[in-house]
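Go ahead and model the full structure; you've got the sequences and the hints to work with.
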Amino acid sequence: MKYLKNIKYLIVALTGIMLISCDADEFLNPLPDTAIAADGFFQSDEDVLAGIVGIYDAIQGVNENRPNSTSNSTFNRGVQFEYLLTEHRSDNTRSATLEGSRADFHRYVTDANNIQSEDYYQSMYEIIFRANNVINYVNAADAENIAKYTAEAKFLRAYAYFNLVRLYGSDNDAIGGVPLVTAVAESDEDELLFTRVPKSVVYEQMVADLQEAVANLDNTYKARASKAAAQGILAKVYLSQPTPNYTGAKDLCEAIIADGSFSLQTDFNDVFYNEMNSEIMFVVRYEFAEPNESQGFSSEFTSFIRQGRQDGLNMVNPNLVAAFNENGGNRTAVSYIAFGDDAELLNDLEQPVPEEAEVAKFLPEGTDFTNADLPYGTNARLAGNDWIVLRYADVLLMHVEAIMAGTGNANTPEALSSFNAVRNRAGLADDADGVITQDELLLERRVELAFENQRFFDLLRFGVADAVLSAHSAENGYSFSARDLLLPIPSREINLSKGLLNQNPGY
Numbered sequence: 000m001k002y003l004k005n006i007k008y009l010i011v012a013l014t015g016i017m018l019i020s021c022d023a024d025e026f027l028n029p030l031p032d033t034a035i036a037a038d039g040f041f042q043s044d045e046d047v048l049a050g051i052v053g054i055y056d057a058i059q060g061v062n063e064n065r066p067n068s069t070s071n072s073t074f075n076r077g078v079q080f081e082y083l084l085t086e087h088r089s090d091n092t093r094s095a096t097l098e099g100s101r102a103d104f105h106r107y108v109t110d111a112n113n114i115q116s117e118d119y120y121q122s123m124y125e126i127i128f129r130a131n132n133v134i135n136y137v138n139a140a141d142a143e144n145i146a147k148y149t150a151e152a153k154f155l156r157a158y159a160y161f162n163l164v165r166l167y168g169s170d171n172d173a174i175g176g177v178p179l180v181t182a183v184a185e186s187d188e189d190e191l192l193f194t195r196v197p198k199s200v201v202y203e204q205m206v207a208d209l210q211e212a213v214a215n216l217d218n219t220y221k222a223r224a225s226k227a228a229a230q231g232i233l234a235k236v237y238l239s240q241p242t243p244n245y246t247g248a249k250d251l252c253e254a255i256i257a258d259g260s261f262s263l264q265t266d267f268n269d270v271f272y273n274e275m276n277s278e279i280m281f282v283v284r285y286e287f288a289e290p291n292e293s294q295g296f297s298s299e300f301t302s303f304i305r306q307g308r309q310d311g312l313n314m315v316n317p318n319l320v321a322a323f324n325e326n327g328g329n330r331t332a333v334s335y336i337a338f339g340d341d342a343e344l345l346n347d348l349e350q351p352v353p354e355e356a357e358v359a360k361f362l363p364e365g366t367d368f369t370n371a372d373l374p375y376g377t378n379a380r381l382a383g384n385d386w387i388v389l390r391y392a393d394v395l396l397m398h399v400e401a402i403m404a405g406t407g408n409a410n411t412p413e414a415l416s417s418f419n420a421v422r423n424r425a426g427l428a429d430d431a432d433g434v435i436t437q438d439e440l441l442l443e444r445r446v447e448l449a450f451e452n453q454r455f456f457d458l459l460r461f462g463v464a465d466a467v468l469s470a471h472s473a474e475n476g477y478s479f480s481a482r483d484l485l486l487p488i489p490s491r492e493i494n495l496s497k498g499l500l501n502q503n504p505g506y
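Just so it is clear: in the sequence shown, position 454 is 453 by numbering that gives the first Met the number 0, and no numbers are missing.
Think of the hints as simulated: they come from the structure by calculation, not from any bench. Any given hint could turn out to be false.
Unchecked claim - Derived lysine to any residue pairs resembling SDA-like cross-links, with alpha carbons at most 25 Å apart: (1) 147 to 210; (2) 147 to 259; (3) 497 to 111; (4) 497 to 191; (5) 497 to 210; (6) 147 to 223; (7) 497 to 110; (8) 147 to 203; (9) 497 to 200; (10) 147 to 135.
To be verified - Label pairs and their calculated CB-CB ranges: (11) 135 to 410: 48 to 54 Å; (12) 478 to 185: 38 to 44 Å; (13) 45 to 478: 49 to 55 Å; (14) 194 to 317: 42 to 48 Å; (15) 183 to 217: 26 to 32 Å; (16) 305 to 501: 37 to 43 Å; (17) 490 to 413: 43 to 49 Å; (18) 490 to 242: 30 to 36 Å; (19) 39 to 369: 52 to 58 Å; (20) 287 to 428: 34 to 40 Å.
Think of the CB as a built atom: it goes at the ideal place given N, C-alpha and C, for glycine as much as any other residue.
Structure below.
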């Protein structure tokens with residue numbers, strides 16, 4: 000499906016002004032001359048649609064391996080750095096070396112000058128800026144499309160805020176969540192760009208945006224916002240907000256299940272390599288071998304035969320390998336792989352778990368492990384593997400979580416049905432005693448969704464992040480403390496705010 004890519008080419012054809020520029024100085028809102036250009040850009044339904052697709056372009060980000068793109072520049076990488084801010088800060092993965100700013104995340108030494116964190120923060124606000132622009136000019140669209148275009152932009156704005164508030168937003172109202180910008184600013188000095196509002200207020204805005212998306216979208220797309228994707232992300236928002244709405248999350252998950260539009264893939268491998276399948280609910284698309292439309296992050300997951308710029312940026316922690324040995328079933332072989340001496344340990348539970356296991360989900364296009372000389376194909380840095388934001392298995396496990404409602408266990412027929420569906424697909428038997436505990440649900444989510452950037456958020460949502468990550472840090476000689484549950488607000492943003500934007504505690 001090349002729809003999004005073709006529309007992006009149309010954007011350039013429609014105007015000589017780079018409305019969707021990724022210039023680092025225009026991440027949060029346009030400078031005055033760009034804002035004026037936007038007035039001239041949105042003249043028709045086609046222009047508004049091009050603006051919407053520009054929002055997806057910001058999520059997709061720029062491949063580090065694109066010509067004239069350097070790894071050390073801030074250049075809107077979108078979701079392509081997300082694994083560093085999530086998986087590396089959980090107990091799932093780590094860098095193979097201790098060199099460079101990327102290795103800071105897994106050791107919990109990230110500071111306010113970290114360039115990957117800065118890029119991600121700016122990338123999410125670039126999504127928000129583009130969404131606000133579309134909402135501001137949406138009346139240029141055909142009348143019958145205004146409501147759905149508005150809902151689509153608000154869905155994407157909520158998606159970006161959800162990432163931001165969980166990574167950077169403090170629970171302490173005196174400190175605040177993140178800046179909440181819901182309209183195009185008058186100038187790049189607008190105080191709203193740098194004023195942190197309480198976390199609960201950010202969640203209220205996300206809920207309103209996603210409810211509007213549920214009401215006005217259908218399930219036509221997987222690579223664009225849909226009703227089901229809005230329902231699923233809203234369910235996760237309800238589970239994550241300061242006061243969880245378990246009933247609301249349960250109702251949303253059950254609406255998705257009852258609709259019947261989605262189903263688990265029979266073969267776990269097909270979830271990732273038979274793209275746009277029945278399990279996919281919302282995905283970021285990439286195109287193989289296209290410098291401007293491909294992704295380079297999956298090549299960074301390789302180490303034994305290095306394909307990326309760095310050496311093994313998402314190595315699997317031994318304790319996760321042990322979790323797969325306990326509960327992975329047929330997910331194990333699809334999720335990670337080991338080479339050389341470590342490969343011999345994979346099927347021998349009497350031996351120590353591999354130290355150099357590599358992520359296998361999302362491996363570069365053309366991967367062929369029967370070819371020892373070229374297992375990753377010929378162009379690993381220009382991979383076309385899509386990035387999955389939400390899939391049906393996640394919804395089934397959220398359904399169990401919503402039924403559990405913070406009590407620590409669930410045993411209803413509905414909870415067992417959803418839980419066992421995921422287990423059975425993995426080749427595992429039904430839950431043995433008919434009671435799903437919080438620990439069992441966390442383990443199931445860990446192995447089912449490993450390397451999909453969910454583990455860190457799961458630990459936060461279940462209220463066990465401090466305990467789990469403290470133990471993980473002590474075991475590995477890292478320096479985790481409670482402050483590391485939040486990333487620092489990037490220094491660049493604080494400097495631009497002229498002191499208005501305050502820093503998270505401990506940084």
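| message | Flag every earlier hint the structure violates by its number, smallest first. | response | Hint 5 contradicted; others consistent.
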